[in-house]
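Visitor: Sequence:
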Amino acid sequence: MRGHRDVVTVVGHAAAIAAGEWITASGEWVNDRTHGQQFKARFLRTSAPTSADGIEKYLSSGMIRGVGPVYAKKLVRAFGEKVFDVIEATPDRLREVDGIGPVRAASILAAWAEQKAVREIMVFLHSHGVGTARGGEDIQDLWRRCHPGHDREPLSAGAGYPGHRLQTADAIAMKLGIEKTAMIRVRAGISYALTEAMDEGHCGLPTDELVPLAEKLLEVPQELIRTALDLELQEGTVVADRVAETPCVFLAGLHRAERTIAERLTRLANGTLPWPWINPDKALPWVEQRIASCPRGKPGRRGPGSR
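With this note's numbering applied, the sequence shown corresponds to residues 7 to 313, in that order.
Do not rely on the hints blindly, as some may be mistaken.
Unchecked claim - Straight-line Cα separation of at most 30 Å, DSSO-like style, residue types lysine-lysine; simulated pairs:
1) 63 / 46
2) 80 / 122
3) 63 / 80
4) 88 / 122
For the record, the hints were derived by calculation from the structure and aren't laboratory data.
Taking the hints into account, I'd like the entire structure generated from these sequences.
Guide: See below:
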């Protein structure tokens, strides 16, 4: 850091920082009671290293799948400071390096694209005044869900994503001029409300509970919410079903999971068991005895009651 010869502690949020990368930060100095002077960054941006030594450190850090210390050294030896240019513009040249075949080359390209995508989404969020306190894996997953339409439909792209809070999506939406009553926002809010219920252990909600909950979260009239719900049902994002006589709505993935579990339990209860019949009156005492007497609790292979 300019004006400082000693190591400086910088506190802030970034998707990931690897050895060899450059960091650009803006913020203010603070005095922490425990750790002393620190630079509290409101904005953090990383950029790829430019020197051969920095590039080798970066590639050795594990940020790029398929490249470790050995291949990092080989790549720098082959391409010098042009390694990233080769990956970006002429990736076929990677196979000039001994040991890099089509599979490893494809892995390197995919990992490079993912790291580039993370940087781009961080810049996108910061450019719209949205802080990013999310972890690197979450941002990568969010990018995969949003790209390439993230700059057009940030809400629908992130709908139903656990942990993708409505406040963050709303902040982006407002910066892009999306109204609170926009159908794209209300439709995303249906999945968001069900995700909130999922965090409390529910796989779905009665329709009469979902609509008021969405109304409270989104602050829009119920008529808009019911219209949005109909559209989400038509698209298959959510599923309508009955629990006893109560009409309910489920996230599509959870509904499939619940039905699969129920079908397998029914099959176990009514079908042929995958093990022979066991006499529990004989088997349980035998198991208890074997567990108590065997070293480290390892029971024997044979037992009574199986005939």
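Visitor: Which numbered conditions among the earlier hints are violated in the structure presented, ordered from lowest to highest?
Guide: Result: no hint breaks.
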